[in-house]
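Participant: The hints should help you fit chain B onto chain A, whose structure is shown.
Now for the letters of each chain:
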Amino acid sequence: MAIEKILKDDASEEKGERARMASFVGAIAITDLVKTTLGPKGMDKILQSTGRGHGVTVTNDGATILKSLHIDNPAAKVLIDISKVQDDEVGDGTTSVVVLAGELLREAEKLVAAKIHPMTIISGYRMAAECARNALLQRVVDNKENAEKFKSDLMKIAMTTLSSKILSQDKEHFAQLAVDAVMRLKGSTNLEAIQIIKKPGGSLMDSFLDEGFILDKKIGLGQPKRIENAKILVANTAMDTDKVKIYGARVRVDSMSKVAEIEGAEKEKMREKVQKIIAHGINCFVNRQLIYNFPEELFADAGVLAIEHADFDGIERLALVTGGEIASTFDNPESVKIGHCKLIEEIMIGEDKLIHFSGVEMGQACTIVLRGASHHVLDEAERSLHDALCVLSQTVNDTRVLLGGGWPEMVMAKEVDELARKTPGKKSHAIEAFSRALVAIPTIIADNAGLDSADLVAQLRAAHHKEGCNAGIDVISGSVGDMAELGISESFKVKQAVLLSATEAAEMILRVDEIITCAPRQREDRM
Amino acid sequence: MALAFDEYGRPFIILKEQDQKTRLRGIEAQKANISAGKAVARILRTSLGPKGMDKMLQSPDGDVTITNDGATILEQMDVDNQIAKLMVELSRSQDYEIGDGTTGVVVMAGALLEQAEHLLERGIHPIRIAEGYEMASRIAVEHLEHIAQKFDFGPTNIEPLVQTCMTTLSSKIVNRCKRPLAEISVKAVLSVADLERKDVNLDLIKVEGKVGGKLEDTELIYGITVDKDMSHPQMPKQIQDAKIAILTCPFEPPKPKTKHKVDIDTVEKFQTLRQQEQKYFDDMVQKCKDVGATLVICQWGFDDEANHLLMHRNLPAVRWVGGVELELIAIATGGRIVPRFQELTPEKLGRAGLVREKSFGTTKDKMLYIEHCANSRAVTIFIRGGNKMMIEETKRSIHDALCVARNLIRNNSIVYGGGSAEISCSIAVEAAADKHPGVEQYAIRAFADALDSVPMALAENSGLQPIETLSAVKSQQIKENNPHFGIDCNDVGTNDMREQNVFETLIGKQQQILLATQVVKMILKIDDVISPSDF
Chain A
826 MAIEKILKDD
836 ASEEKGERAR
846 MASFVGAIAI
856 TDLVKTTLGP
866 KGMDKILQST
876 GRGHGVTVTN
886 DGATILKSLH
896 IDNPAAKVLI
906 DISKVQDDEV
916 GDGTTSVVVL
926 AGELLREAEK
936 LVAAKIHPMT
946 IISGYRMAAE
956 CARNALLQRV
966 VDNKENAEKF
976 KSDLMKIAMT
986 TLSSKILSQD
996 KEHFAQLAVD
1006 AVMRLKGSTN
1016 LEAIQIIKKP
1026 GGSLMDSFLD
1036 EGFILDKKIG
1046 LGQPKRIENA
1056 KILVANTAMD
1066 TDKVKIYGAR
1076 VRVDSMSKVA
1086 EIEGAEKEKM
1096 REKVQKIIAH
1106 GINCFVNRQL
1116 IYNFPEELFA
1126 DAGVLAIEHA
1136 DFDGIERLAL
1146 VTGGEIASTF
1156 DNPESVKIGH
1166 CKLIEEIMIG
1176 EDKLIHFSGV
1186 EMGQACTIVL
1196 RGASHHVLDE
1206 AERSLHDALC
1216 VLSQTVNDTR
1226 VLLGGGWPEM
1236 VMAKEVDELA
1246 RKTPGKKSHA
1256 IEAFSRALVA
1266 IPTIIADNAG
1276 LDSADLVAQL
1286 RAAHHKEGCN
1296 AGIDVISGSV
1306 GDMAELGISE
1316 SFKVKQAVLL
1326 SATEAAEMIL
1336 RVDEIITCAP
1346 RQREDRM
Chain B
12 MALAFDEYGR
22 PFIILKEQDQ
32 KTRLRGIEAQ
42 KANISAGKAV
52 ARILRTSLGP
62 KGMDKMLQSP
72 DGDVTITNDG
82 ATILEQMDVD
92 NQIAKLMVEL
102 SRSQDYEIGD
112 GTTGVVVMAG
122 ALLEQAEHLL
132 ERGIHPIRIA
142 EGYEMASRIA
152 VEHLEHIAQK
162 FDFGPTNIEP
172 LVQTCMTTLS
182 SKIVNRCKRP
192 LAEISVKAVL
202 SVADLERKDV
212 NLDLIKVEGK
222 VGGKLEDTEL
232 IYGITVDKDM
242 SHPQMPKQIQ
252 DAKIAILTCP
262 FEPPKPKTKH
272 KVDIDTVEKF
282 QTLRQQEQKY
292 FDDMVQKCKD
302 VGATLVICQW
312 GFDDEANHLL
322 MHRNLPAVRW
332 VGGVELELIA
342 IATGGRIVPR
352 FQELTPEKLG
362 RAGLVREKSF
372 GTTKDKMLYI
382 EHCANSRAVT
392 IFIRGGNKMM
402 IEETKRSIHD
412 ALCVARNLIR
422 NNSIVYGGGS
432 AEISCSIAVE
442 AAADKHPGVE
452 QYAIRAFADA
462 LDSVPMALAE
472 NSGLQPIETL
482 SAVKSQQIKE
492 NNPHFGIDCN
502 DVGTNDMREQ
512 NVFETLIGKQ
522 QQILLATQVV
532 KMILKIDDVI
542 SPSDF
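Respectively, the protein sequence lines represent chains A and B. Those letters in the first sequence? Residues 826 to 1352, per the numbering used here, in order. Those letters in the second sequence? Residues 12 to 546, per the numbering used here, in order.
This is chain A alone, in the form it adopts within the complex (with noise of 0.2 Å):
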């Protein structure tokens, strides 16, 4: 008798040696897709969506590139997972956890290929990786007393983050206006609070931080164009019929004067709202609903500035730099916070015209408005500046910072190996194999930049044989370099967040001897 089928039809079963190498095929693939885009020197992207319009983005973003992969391969989709949590969780490194994870794997194979059981290997990776994170610990700078320095590490961090980046060319200037954002925040991650304007045309360098606030809207006809010493009251309410909410409420009448009667009242009720905003003693009034015109023509007649139609985020940066509050009722004008500003005056960028709140009172929130050729550009621009507020914002909180350009894979590399020797057993191989993981982060930033990866990497392990050094790989001169003078930092977090995530994924799919995938769901095709 033949041993019965177990599994429903389409499902499939892998096991042992198979499943291992469909896991390692898998995330190795991965790994060889994004790696080109490591470092000051690696190159971007194009995804074509298969949606409609097959939409194109150009990017260098490792968590954009796999997010719009669709992969098969549930290895594949564990790194695409890490990816994404390092992107939510530090902003940055998305594609450096993908890398150190694909080459850990890659490793492994090789182990796993001399015989050395996937525990063992677990196990000697999760030493390695404790001894890494201590080296970092031991090399960490924080200069969080004093402020100045402070600053120009944070100015640093976003160059680093930066360079990567289509920004490149600008990120003097572009790291500046992410560090001044960041410093208004005062300590917060809501990057809620900064906005980002994306208006096409002009070139890069033309974008700007706005201290004051920018709204995307149009001032309603015949209001006011510039108000001074302007006092606004934010508000979500219903601005265009004020419906009776109770359940089951109707209108029924039975003859058109009636209709009329009602329809009088209706406006009546509308013109005492609008009465009530107005008695708060505003000269500005912003909603989140659409304001009809009947209202909006009631508010040009008292001469107050009313704008409809701002969205939710844009109601709360508002609220938040004017101090006012969002107000729903208006019985109460005495006590609903109002909102104040110097100047509201519409001004133009590019050719849109928009709605510009200086002289706040409370700076937390601020618009940074993007300037550049074509969509492509500033949606890229948008996101390597978004990294690197994440980045900057991660680091106001936790202020230690560490060298970039290599030069953290080498601390961890030396200390890692030096682990090895010590280790007595199986697992030193384990240990040795995540050192040279480690070592294949610089190589590869070496190789995009098109440079003599074996010999850079050599020159460097020599350098840094010395106690205390700051050598790192010089992208742009192709040599080894002092990344201290050369400026060049990355956050302790971000690179912890590499560290422990990529060895969990990989001792996660290390620990697999078996893949069971269940029959795809059918799907109906709808014709």
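Certain hints may be false.
Result set (EDC-like, lysine to aspartate or glutamate): computed pairs, CA atoms no more than 16 Å apart in a straight line [said to hold, decoys possible]:
1) K892/A to D913/A
2) K976/A to E955/A
3) K377/B to D1005/A
4) K280/B to D1126/A
5) K280/B to D1005/A
Now the in silico label distances, taken between C-beta atoms and shown as ranges [unchecked claim]:
6) A972/A to V503/B: 47 to 55 Å
7) Q297/B to N1118/A: 32 to 40 Å
8) V335/B to E1088/A: 42 to 50 Å
These are calculated hints, taken from the structure and not from any lab test. Bear in mind that the values here come from a model prediction, so they are computed numbers and not experimental data. Glycine included, every Cβ here is placed at the ideal spot set by N, Cα and C.
Facilitator: Chain B alone, transformed into the frame defined by chain A:
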């Protein structure tokens, strides 16, 4: 397919649409069933023990699960065979009943089936085998009780509990920080346990996970976390000594459940209705304020106007909180869930020392922590980890550890792990077999052999020589008359499980043997499988 003939020799059909069905009978059926059961057990066999491997499962929608937990593997597998489904059920019932040992039970059942196959080949009737297994399992369970040890623990001495939880966790991916996780689990269970009644309601422990951070950041919160934020962005983010009104009625215009119509046909009606509505909102908020609440937690949504009124009156509020969470909050804060605004009274408010909002990472993820509650009988375990699969697997592992801790509070007997209990049982059953007259003797002896398969799998997974190791341990157990010798999976150097601190719960082990025997008995009794050939 068997045909029946009537007295005139004409064939007639017994089953409907007979030729479209496949049918297996007699020894064929039993063998097919056994091989199916064995195939399932073989999949799980490599997951057993601290050096066991994980399985990667891809769901029909393409989601990936990586796990080491027997019950989860089987549940996610697309099993089609009926007997294989029985094995899945078996693992699940172990999960429900005990929570741990879901892999072991399937491996055990697989070994029993394998032994049964040999006996069938010798021509022993399946029912006799089943009966022999039944007797043997009784002997084994009794023997377990005999070798079990009781240990004392108390709120101050949690070490034994932690050690047992660590044994459970050591086979999972989280074994990197099994110590802190085991401590968290034990503390969580102890804080919700009813030590007098010896019972633990695991519903009071909420296990939440959020990706990001590292596993070491996992923490036990004496309170509740809710994955929500304040309804109005400008409400205070931190409230000291909160008095919480827990509502299940929305801050929205009233919606009577009976069908009705309010017709507006005059201007007066329109205006009175409007005023009523305004007053209604005002009343709702005022009522909450009047009883002295400083925080409102509501199951439903808020109308914009109500939201602003709450903000205006300085009454922070949280909306869209799920029913289960609401209950937990009520338990933790000692409040009552209030279904109507009219029924709000100061006594019904819950109390918490600190309520704060915490944000994570670079996205706008926020969570609400309710801590220092009046009654800290509800706790939350908050898991962090590198990726989604890691979090899910950690949740499952924590669940196992919690179950183990609970079982120990119910019954503080333990047996030693590392296969030592199985080996000891095997020796006892083997000895009993010789005394038994009748054919069942063979079945009992086979049972003893099947018991050996668990330590054998452990040794195999740990990269040891299975037969050599097992025979060495067995002889050591008999020679020294000490049931604590097991397989030294972690290469520590000793195989005395007492020294290695590897414990398992007595009830867990007993349940494993009983459940496995039951399922095997059931499978053995089947002698006819009729299934439609195409569907």
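Participant: Compare the structure with each hint and give your call.
Facilitator: Cross-check of the supplied hints:
{"no.": "1", "hint": "K892/A to D913/A", "verdict": "holds, 12 Å"}
{"no.": "2", "hint": "K976/A to E955/A", "verdict": "violated, 30 Å"}
{"no.": "3", "hint": "K377/B to D1005/A", "verdict": "violated, 25 Å"}
{"no.": "4", "hint": "K280/B to D1126/A", "verdict": "violated, 30 Å"}
{"no.": "5", "hint": "K280/B to D1005/A", "verdict": "violated, 57 Å"}
{"no.": "6", "hint": "A972/A to V503/B: 47 to 55 Å", "verdict": "holds, 52 Å"}
{"no.": "7", "hint": "Q297/B to N1118/A: 32 to 40 Å", "verdict": "holds, 36 Å"}
{"no.": "8", "hint": "V335/B to E1088/A: 42 to 50 Å", "verdict": "holds, 48 Å"}
The structure does not agree with the numbered hints 2, 3, 4 and 5 stated previously, though it agrees with the rest.
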